Every structure is written in C-alpha cells, then in structure tokens.
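Given chain A, put chain B in place with the hints provided.
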Amino acid sequence: MAAAAERAVYGRSVPDGAEEDYESDDAPDDSGAGGITEEYSDSHAYYDSDIYRQLAGAEDAGTAGGGNRGDGDGAGGNVGGMKSRKPKWYGTKKFGGLHYLRDIEIAGRLIVIEGPDASGRSTQIELLTTQLEAEGYAVLNTGLTRSEIIGQGILEAKRNISLGVRTLAMFYAADFADQLEHKIIPALQAGYVVLADRYIYTLMARNTVRGIKRSWSSNLYSFALVPDMTFYLDVDPYVLVHRVFAKRQSLDYYESGADMGISKNMYDSFIRYQQRLAREFEVLKQQYGLNMVNGNRSVEALNDGLRKPILRYLSKA
Amino acid sequence: MMAASSRSGAADGEHGAAGQAESKKAEAGRRRPRRRDVPGKLIVVEGIDGSGKSTQLLLLEKWLRYNMFEVFRTEWNSSDIVRSITSKGKKKEALTPTTFSLLHATDFADRFERHILPLLHAGYFVLADRYVYTAYARDVTRGCDPAWVRKVYDFAIKPDIAFYFRVPLDTAMDRILSGRPKLKFYEAGADLNLSKDLYESFRIFQHRIVEQYEAMHKRESFVVMDATMPIHEQQMIMRAKVRKLLPKKLKKKTVLEVPEHV
Numbered sequence: 001m002a003a004a005a006e007r008a009v010y011g012r013s014v015p016d017g018a019e020e021d022y023e024s025d026d027a028p029d030d031s032g033a034g035g036i037t038e039e040y041s042d043s044h045a046y047y048d049s050d051i052y053r054q055l056a057g058a059e060d061a062g063t064a065g066g067g068n069r070g071d072g073d074g075a076g077g078n079v080g081g082m083k084s085r086k087p088k089w090y091g092t093k094k095f096g097g098l099h100y101l102r103d104i105e106i107a108g109r110l111i112v113i114e115g116p117d118a119s120g121r122s123t124q125i126e127l128l129t130t131q132l133e134a135e136g137y138a139v140l141n142t143g144l145t146r147s148e149i150i151g152q153g154i155l156e157a158k159r160n161i162s163l164g165v166r167t168l169a170m171f172y173a174a175d176f177a178d179q180l181e182h183k184i185i186p187a188l189q190a191g192y193v194v195l196a197d198r199y200i201y202t203l204m205a206r207n208t209v210r211g212i213k214r215s216w217s218s219n220l221y222s223f224a225l226v227p228d229m230t231f232y233l234d235v236d237p238y239v240l241v242h243r244v245f246a247k248r249q250s251l252d253y254y255e256s257g258a259d260m261g262i263s264k265n266m267y268d269s270f271i272r273y274q275q276r277l278a279r280e281f282e283v284l285k286q287q288y289g290l291n292m293v294n295g296n297r298s299v300e301a302l303n304d305g306l307r308k309p310i311l312r313y314l315s316k317a
Numbered sequence: 001m002m003a004a005s006s007r008s009g010a011a012d013g014e015h016g017a018a019g020q021a022e023s024k025k026a027e028a029g030r031r032r033p034r035r036r037d038v039p040g041k042l043i044v045v046e047g048i049d050g051s052g053k054s055t056q057l058l059l060l061e062k063w064l065r066y067n068m069f070e071v072f073r074t075e076w077n078s079s080d081i082v083r084s085i086t087s088k089g090k091k092k093e094a095l096t097p098t099t100f101s102l103l104h105a106t107d108f109a110d111r112f113e114r115h116i117l118p119l120l121h122a123g124y125f126v127l128a129d130r131y132v133y134t135a136y137a138r139d140v141t142r143g144c145d146p147a148w149v150r151k152v153y154d155f156a157i158k159p160d161i162a163f164y165f166r167v168p169l170d171t172a173m174d175r176i177l178s179g180r181p182k183l184k185f186y187e188a189g190a191d192l193n194l195s196k197d198l199y200e201s202f203r204i205f206q207h208r209i210v211e212q213y214e215a216m217h218k219r220e221s222f223v224v225m226d227a228t229m230p231i232h233e234q235q236m237i238m239r240a241k242v243r244k245l246l247p248k249k250l251k252k253k254t255v256l257e258v259p260e261h262v
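In the order they appear, the protein sequences are chains A and B. Residue numbers for the first sequence follow my numbering, beginning at 1 and rising by one. Residue numbers for the second sequence follow my numbering, beginning at 1 and rising by one.
None of these hints come from the bench; they were simulated from the model. Please read all numbers here as calculations on a predicted model, not as lab measurements. A few of these clues could be false.
Said to hold, decoys possible - With the Cβ distance kept under 7 Å, some of the chain B side facing chain A (calculated, not the full set): (1) Ile-81; (2) Arg-83; (3) Ile-85; (4) Ser-87; (5) Lys-88; (6) Thr-96; (7) Thr-99; (8) Thr-106; (9) Gly-143; (10) Asp-145; (11) Pro-230.
Positions of the beta carbon are idealized from the N, C-alpha and C atoms, including for glycine.
One chain only, chain A, in its complex shape (with noise of 0.2 Å):
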C-alpha cells in the first residue's frame, strides 16, 4: 500500500500487473515499464540539445574504443546484438527525466549490484565483467564517487565533519549525475553493459536514515535511468562485520553511521546503521523491485546466482 502511494508522488507509470518480479533469480520480464519516455510531450522551448549530441557522441568515440561487438551503425537497429530503444527514465512528463536527453536511444543494458559495505559487490563484478567480456558482451563498470570532475571532492569533504547532510546528500546526487551522463549513458548508447557497483539505492537509503524525507530523495533521483536489472546482495550485519575486519581491521567513519551519533561503541554503530540500511532497503525493494539475492553465500554459490539471470536476460536482449 505504501509503495503504491509513494509511487504516485514519484510519478512512476508502471502498472501493478507489470511490475518487476524478479523475487527469485529469474530472469526478469523486460516487457513491462514502457512508454515514459513517450510521455515527453512537452518540448523545451530553451535548451538546445546539440551541443549535447556532439558531446555524447565524442564520448563514444572515447569509450567504445575497440571493445564495441557492434558494427557502429547505430540508427534503430542492433548494437551489439542487442536491440536499440529508448531509455526508460524514473521521472514522468510531469517532471523527472533528463529532458534534453529525451530523444536519444540506447543499445546497451544497465545492470545494478547493490548491497552493503562488505557485501562482495566489487568481488562479483569482478567475476562478472569477465565472465561477460569472455561471452562477447562490453562491459563497463561505474560506482560512486568515481566521477572525475567529483568523485574526489566528496572524499575530501567527508574528512570535514561538519558537512551536513543535505550538503552531502547533494554531492553524492552531483558525482551521479556526471557519471550518468558522461558514462553510463554513451556507454549505453555504444551497445556496452554496464555493470554499475551501487545505484541511487543506496544514495536514497542512506539519505532516509540520516532524516531526510523519501519522497524528496526520489524526487532528487527522478532524473536516473531505470536499471535492466537490479540485484541487492543482501547479507546479515553480523557476517558484514567479520568480512569487513577480514579485509581492513577497521570500520569506515561512515559506513559505520558514525556520523549520526548511534553509538560510542563503533561494532555497535556498524550493526546498527546497517541494520537500520537494511530495513530501509526493504522499503526501496517494494517501492522499486529490486531483486534481493542472499548475500551470506560463497563467492562461487553468490557468482551462480547472479550469472545465470544476468546471462540469460541479455541472451533475450
């Protein structure tokens, strides 16, 4: 019930029987959530998308390098084997969306692991960019604060603790939006799958419960692509805190919420804010149909159950 009422502010216009319900490591259903874009009537009177065309299409040129299986020839057909359309967007013709973008198509396929600190995101990345590369997919891997033009400012400001939360909530919105439109998108464009370590998910879950309202958060986000697939490895706090000392000994400042003053006692912290991460990510299930895959696996056992799906779907692409 909820999560058909935030989905009205948010503007989304999937009907409930089209909902993504890829619970199980199905291969999810891609016929459903269409025609946003269509919905942008309204052209802006104002911005002149050229510049932006040329600017995209020069950065085709710089990612596709060598690695595109397509054979260039982009205009509605086929790049790298999968088939061209249009973008699906979060926001409606009411607001949301990139507007100066709306009339690109793309080739490629975005999908999104999500998961906790520790969760073996970047491990299982690893492991499928190659496992894809070894099928003759493209891949391209993008994350947070991997921006060149901010990515390294927000890792600088997080050192002043007196940055705020909206200010950081902001940045973090900011390094998105570069990468969205500097890398994902050309490189979505040029055919590539894009496998991208972390989303707007987390973004908005951490926003939430730092205080900030959802609907703002999704609001802020409105402009985002709509993921092919979304996995969240899901896995208990408790197994999160060994692999996280397995790997550094030490808690991070803010993955341990350490920010919001939960405890003195950093473990207790960690457990908490993740906790608390968790629950939130509950909500972002629903309200977005991500698909949550148990976490607490080996790597090989957490490999197959994100492959297989993944494989699939783009064999259907």
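Relative to chain A, chain B alone:
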C-alpha cells in the same frame, strides 16, 4: 535619532529568545522549517548580472549594521568545499545542465545548513545575494525540468522579502561589459550553443533568464524594483520595506537613512 546601543540589546534579546523555542522541530533543515519557528529575517536580492542588486544589498547591510542588527550576508556559489570542483568542471567545460544544477545545489545546501538556517534561528538578518530563484531561472534556461529544480530546493526556507531588480538588458550589458574585457564560458551560457559569438550568446542567455524571472515573479511574490532608478532612491524603497519586518518598538527607533559620515 541615535541611541543605537540600547537597541542592540533589544534586538538580540527579542530575536534570540524566541529562536530557542521550537527550533528542534526544524532540526538541521531536514524537514522544511516552519516560518514561525525561525525568528530571523531572510532578505533576498535577485536579478541578472548588472542589475545592481549586489550594490543595493551592501547598502542594506550597512544600514542594518548601523542600526545594530546582527547581519550575515551570503553569496551564490561561494561555499569552499564545492567551489574548487565547480571551477574544475568549468575549466574543462564538461558540466552537463544537471550536474551544473546539482553542484550549485550542493553549494546552496552547504551554506543553508551551516549558515543560513542556524543564523536565522539565532535571530540574524540573513542577506542573500541570489537565492533559489537563481537556480529556478538558470537551471531551467539550461534545460532542466522546472518542477524537478523546485523539488530539489524544497528544503529551503521562504524569504521574508525577495527583491527582484528589473533592468533593461542593454543597461545591464553596459554595466557588466564596461568593467570586464572577457566573458567566461558558462557565464555567457556558451554551453547552450546559442551563438558562436560569446557576447551574443551572453545576451541571449541573459534574455532567457529574464524571461524566467518575469514568469515567476508573481507566484514567488517578488518585490519588483526598477533598477534604472538612482541608487539612493532604490535603497530608500528597500529600507522602507525591510523596516516593516521589524517589531513595533524597534521600528520607531530604527534610523531609516544611514547618516553621511558612516
């Protein structure tokens, strides 16, 4: 006419005490604070470059300070943490409209969370040289969705007065270009590909921003200033408006004009 020192106590006391009361509910600006929780006054000036708004705001600041009010002035895009990034991005000319918008929003959020809101709670006069309306005008001109931009900034508190300086484009252009030999890329809106000529681009860009301001001035209840009037006359109008915000007993004592020697 003078007796400024006694007023200072009154101002501090009155504005300060009320600030403690319900401020907890509006904690850290995560929710949009209710106006009555905030005893300070927020005065905003808006308008295109060369409209004379900054000059007027400085004069207003002088007047308030002379009358012993606690004043904080803040400018658009001036937060330290964000500025280096914005300038890096600008140098590369690699900022898309959305990124550009969000970086300015980050800057604003930082100034809002650390300065504007706490100072308003403490009873300050906060003078903002440009506010969210600049984002509404510029970002929309750059191609961002108007409703989206407004949602992004919806945590910001509504100003007590927003002065909009309406000025003919030619006047503004003359004022700016006389002191500045070269226009900057983003300043001229060159990212919008409006014209190969930077000056022509600047002109078109400013014109579109004016259109945005004009379209919103009723809804946002701007106090529209005729920016072609003599500086002194404009300032008198502003002071009269701001004076109305003061509590009764302070209003009587407030010196309307700052004497010559200040």
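(request) So, Pro-230 of chain B near chain A? Judge it on the closest CB pair being under 7 Å. (result) violated (34 Å)
(message) Can you verify the interface hint for Thr-96 of chain B: is its Cβ closer than 7 Å to any Cβ in chain A?
(response) Interface hint status for Thr-96 of chain B: holds (4 Å vs cutoff 7 Å).
(message) Given Thr-106 of chain B as an interface hint, is its Cβ closer than 7 Å to any Cβ of chain A?
(response) holds (4 Å)
(request) Let me know if the C-beta of Gly-143 of chain B comes in closer than 7 Å to any C-beta of chain A, holds or violated. (result) holds (3 Å)
(request) Double-check Ile-85 of chain B for me: the hint is only fine if its C-beta lies closer than 7 Å to a C-beta in chain A. (result) holds (4 Å)
(request) Report holds or violated for the interface hint on Lys-88 of chain B, using the least CB-CB distance to chain A and a cut-off of 7 Å. (result) holds (6 Å)
(message) Tell me if the interface restraint on Arg-83 of chain B is satisfied: Cβ within less than 7 Å of some Cβ in chain A.
(response) Since chain A brings no Cβ nearer than about 10 Å to Arg-83 of chain B, farther than 7 Å, the hint is violated.
(message) The hint names Ser-87 of chain B as touching chain A; please verify it with the least Cβ-Cβ distance against 7 Å.
(response) violated (10 Å)
(message) Does Ile-81 of chain B hold up as a contact with chain A if the rule is Cβ-Cβ below 7 Å?
(response) Holds, because the Cβ-Cβ distance from Ile-81 of chain B to chain A comes to roughly 5 Å (cut-off 7 Å).
(request) Mind checking the CB of Asp-145 of chain B against every CB in chain A and telling me if the closest is under 7 Å? (result) With a closest approach of 5 Å, the Asp-145 of chain B hint holds.
(request) Let me know if the C-beta of Thr-99 of chain B comes in closer than 7 Å to any C-beta of chain A, holds or violated. (result) With a minimum Cβ separation of about 5 Å from chain A (threshold 7 Å), the hint on Thr-99 of chain B holds.
Of the hints listed earlier, those the structure fails to meet are numbers 2, 4, 11, in rising order.
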